[in-house]
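Engineer: One letter stands for each residue in the lines below.
Number of protein chains: 2
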Amino acid sequence: MKRFAFFVVAAIVSLVALSIPATGHADAAPAPYVTEMPSGYRDWQWVSSAHEAGNLNSLGSVLGNEIAIKAYREGKWPFPDGAIIVALHYKNVPSDENNKVFGQAQSFVPGAPTNIQFMVKDSVKYAATGGWGFGHFQDGKPANADFMKPCFPCHQKAKVTDLVFTRYAP
Amino acid sequence: MKRFAFFVVAAIVSLVALSIPATGHADAAPAPYVTEMPSGYRDWQWVSSAHEAGNLNSLGSVLGNEIAIKAYREGKWPFPDGAIIVALHYKNVPSDENNKVFGQAQSFVPGAPTNIQFMVKDSVKYAATGGWGFGHFQDGKPANADFMKPCFPCHQKAKVTDLVFTRYAP
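In order, the protein sequences belong to chains A and B.
Just so you know, the numbering used here puts 88 at position 88 of the first sequence, and the rest follows in order with no gaps.
Just so you know, the numbering used here puts 137 at position 137 of the second sequence, and the rest follows in order with no gaps.
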């Protein structure tokens, strides 16, 4: 009887241990993020562009799908579910052609594409990351879960604008 | 008879003088250009963006209507009639918000709008300026004819790409 009781207790302990959520552990299940590029993004309307100097040396442009653009133009946060914002990034390079015309070195244009990033609003699926699914793609391939970890904490600094840094250019 | 002959000759000379086209004169009729902003331009698709340093200190974005975008994507010049390209220009300003997040001054975004420029392809109407009608608007108002004079000669330096400097960003 004692051996049997032991096995029963062991089984119960194992079941309990397996059912404890793994949050906080180093091998905790990562928050869901965007692993497939939404289709048609290159056709979306223009939100704004930016030049990042420093280490990035990047020229970027942000486009938004219909839902995102509508929300931007209404000036209302949070963005509704279904809104998708894409940031197309390129190396910031001088344009020799343009500089010849201007007569001095002053013109910088998009060079080689570097990465494409997405923010997809789904307040249920991406509840763990403020309602936004973050995505990062290089040569069409998604980044891994470790790479995606810093996205949400950094974007939380833009809490006032629903985690979105980019403003709409009129 | 001599006096009569004189008057006839004088009349003929006057008629000939009046019929000579006034090209080359300081008061020659200016080439037609775009004086009304095409509607719906802010909804057009994104072509590319650029940062102009130097005196301009400008961040600009180029959008194209359906005909222009199609031509760009096919990579064929010249652009067909009906193509319209718009360049939205803004002051290039640092973003304090973004710089706080990045931890250093590196982020430049569109500030106040400066001007909106158009190129409208109509090889008949704008034959005098390479088939393109040029437009320049500030606060919604078109520039005058004198201001528009340098557009065409400068754009002729981009003859290889049908007078269009901006390349399509993939």
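Treat the hints with care, as some may be off.
All copies of an identical chain are treated as equivalent in the list; a pair is satisfied when it fits inside any one copy or across any two copies.
[Stated by the list, open to error] Listed below are the simulated DSS-like cross-link pairs for lysine-lysine, each with C-alpha atoms no more than 30 Å apart in a straight line:
# : residue 1 : residue 2
1 : K100      : K159
2 : K125      : K2
3 : K91       : K2
4 : K2        : K149
5 : K2        : K70
6 : K141      : K157
7 : K2        : K76
8 : K2        : K141
Hint data in this document are derived by calculation from the structure and do not stem from the laboratory.
Engineer: Now look at each hint and say whether the structure bears it out.
Structural biologist: Hint-by-hint comparison with the structure:
{"no.": "1", "hint": "K100 / K159", "in the structure": "between (44 Å within a copy, 14 Å between copies)"}
{"no.": "2", "hint": "K125 / K2", "in the structure": "neither (47 Å within a copy, 101 Å between copies)"}
{"no.": "3", "hint": "K91 / K2", "in the structure": "neither (71 Å within a copy, 82 Å between copies)"}
{"no.": "4", "hint": "K2 / K149", "in the structure": "neither (48 Å within a copy, 102 Å between copies)"}
{"no.": "5", "hint": "K2 / K70", "in the structure": "neither (69 Å within a copy, 80 Å between copies)"}
{"no.": "6", "hint": "K141 / K157", "in the structure": "within (27 Å within a copy, 39 Å between copies)"}
{"no.": "7", "hint": "K2 / K76", "in the structure": "neither (66 Å within a copy, 86 Å between copies)"}
{"no.": "8", "hint": "K2 / K141", "in the structure": "neither (56 Å within a copy, 94 Å between copies)"}
Consistency with the previously given hints fails for numbers 2, 3, 4, 5, 7, 8, ordered from lowest to highest.
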